[in-house]
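Enquirer: Single-letter residue listing:
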Amino acid sequence: MYTQGLDLVPKGEKPEAPKSEEEARLEAAFQRKIDEEIRIEPTDWMPEGYRRTLIRQISQHAHSEIVGMLPEGNWVTRAPTLRRKAILLAKIQDEAGHGLYLYSACETLGVTREELYEQLLAGKAKYSSIFNYPTLTWADIGIIGWLVDGAAIMNQVPLQRCSYGPYARAMIRICKEESFHQRQGYELCLALAEGSPEQRRMLQDALNRWWWPVLMMFGPPDKDSWHTAQSMKWKIKRFTNDELRQKFVDAVVPQAERLGLKIPDPHLKWNPERGHYDFGEVPWDEFWRVIKGDGPCNRQRMEQRRRAWEEGRWVREAALAYAEKRRRRQQSEAA
Amino acid sequence: METREVLFEYVLRLGDNALILGQRLCELLGWAPELEEEMALANIALDYIGQARMFLSYAGEIEGKGRDEDQLAYTRDVLDFRCALMVQQPNGDFAHTMARLFLMSAFNEQLYGWLVRSKDQRLAEIAEKALKEVRYHVRHSGEWVIRLGDGTEESHRRMQRAIEDLWLYTGELFTPDEVDQAMAAEGIGPDLAALKPAWQQKVEAVLREATLERPADGWMPTGGKDGRMHSEHLGHILSELQFLQRAYPGLRW
Amino acid sequence: MKGWPLYEVFIRPRNGVAHRHVGSLHAPDPEMALELARDLYCRRGEGTSIWVVPASAITASRPEDKDAFFEPLEKEYRHPSHYNIPPDVKNM
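Top line first, the protein sequences correspond to chains R, W and U. Each step along the first sequence adds one to the number in this note's numbering, with nothing skipped, and position 238 is 238. Each step along the second sequence adds one to the number in this note's numbering, with nothing skipped, and position 215 is 215. Each step along the third sequence adds one to the number in this note's numbering, with nothing skipped, and position 54 is 54.
Next comes chain R alone, as it looks inside the complex (with noise of 0.2 Å):
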């Protein structure tokens, strides 16, 4: 899955300062390799503003995934068949498997795992802000499949070419793996579609409570969004937040239409001037607060991760403490 507008940055961080004449002639090399689709490679010279950007967003890229488990996990214990429950639970799988080669990613830019758990667990580090609303049906588990992968796969598909070598590969990987998951998603709202009068109830309002918030998994408009330009130019992002959004919507519109559900959006109207789908305005006051950390699971969320940190404490130190038993016994074996 994904994190949002990959680019929260914290306020009144400003766009770097004027340099020496050295740092300026490596930035040039270095974008002079940027433009030429060179990838960089984690010991090359890089602006510490692009290792900062990067630490940040593959940070609350790998954070979204191990907190995107949550919600989902929710139902895995009562997924209605053998096969759903398993499709679900391989899928909740991967995220892990996400998070953990982003971690890995960020690792290669000199932060520790360990750090930037901290960082989460402290309440300092953002994550997508989709992941803050509660599962209730069953069709929660449709609709995250269908559109929150659906948006998240909108968004990583491009961060497959990032200039940044490690990033791009485990974005590659990670494409490669969630291909069934959008599609997963989208057929098990088909069963609801086709379902009872009850089940039909479910995925409506399953829509309902997600649809905005899906729309604000893109991140805040271009206009309120001065990083998405320097972004861009060091190819860490290759569309802008409201390109992607317009795109998504233009592609789920005719697949919601499909499962005969109404998207909640009055202003929501096909403009063939532009061939696009208008729409109405994301509620951007909701956005900025639920990333502020009032949003309606924001704290049940962090506690859980707090709670399975801290319960695993004693099995990652007794691991390491056998770990050392045994190194001294081999050596004082060979001695």
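No false leads were slipped in.
The list that follows gives simulated cross-link-like pairs (lysine-lysine, DSBU-like), each with its CA atoms no further than 30 Å apart: (1) Lys223/R <-> Lys292/R; (2) Lys66/U <-> Lys233/R; (3) Lys325/R <-> Lys202/W; (4) Lys235/R <-> Lys66/U; (5) Lys66/U <-> Lys19/R.
Each pair of labels, with its calculated beta carbon distance range: (6) Thr175/W <-> Thr59/U: 52 to 60 Å; (7) His236/W <-> Asp278/R: 44 to 52 Å; (8) Thr112/R <-> Arg44/U: 24 to 32 Å.
Computed footprint of chain U on chain W, listed as stretches where at least three residues anywhere in the stretch have a Cβ under 8 Å from a Cβ of chain U: (9) 39 to 45; (10) 139 to 152.
Source of the hints: derived by calculation from the structure; they are not laboratory data. Predicted, not measured: the structure shown is a model, and the values here were computed from it. Glycine residues also receive a C-beta, built at the ideal position from the N, C-alpha and C atoms.
Position chains W and U relative to chain R; hints supplied.
Expert: What follows is chains W and U alone, placed relative to chain R:
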């Protein structure tokens, strides 16, 4: 009972053991001590859910009343479940989770290892696939029993406690009842008592390496696999597992 | 407390080809690293063999070494195109 009914009952037991253990492991999603272990636990859960599907589908065919894997998994109540008390036990801490997985998987390794030669062709085929999976489960959970047993003082204490708590439920696994005996007589299932020495050897070797004490064999409860006296846990497991099928009977999902 | 050490993972996708770097993971010791690599990088039946190597055991070239290590272009006699063979000579 006719052979067919006995066989149904027998295959149901195999399916229910896998199903309930798989369900218990599903509860752990998001709670592993580190991300890498999250992956391992989910793989094992997936293996058991997969085994449950194969065994329960086959049980439904034997029964011949048109029940499929889901009808068997989702519409029977406690009295009709046939899973060992071991798999019904709560996850507890990570030591309990791994101890239960180890003791049960080591049993399954012996059981499936025998079943690959079963006179029942289908059972032999399912066992062959499942055997590969449980060998890995034994290895992985065994590694954890060793690391926690011989890790820190705290982990040693927790793992010793877990082994003691769960040892109680190992007796049932090797105590044959009339279903086991009938299957053994037909060459479809093993003589359970004969599986015990190899299991014991494996378990004791791991406990020794883990610097853990093997608990004494005292009185051990039975009643799970024959459905005579389940644990109180089972009803709660089923209420979660079966919620949707119960709330909205007869729908397609 | 420090975390589990980092391991690099290499997988032989099928017999006949070399092991290839696929990524990394954290594990408490080499045996666990191997099992966890299987659970992480072989979920879809990729691979017939796995290597895990402690990341700390890898000695790597530095970007500063780049010129000295990787640009021996003047030794063009190492390349087959350096030699003039008349076109009527076949199977060369």
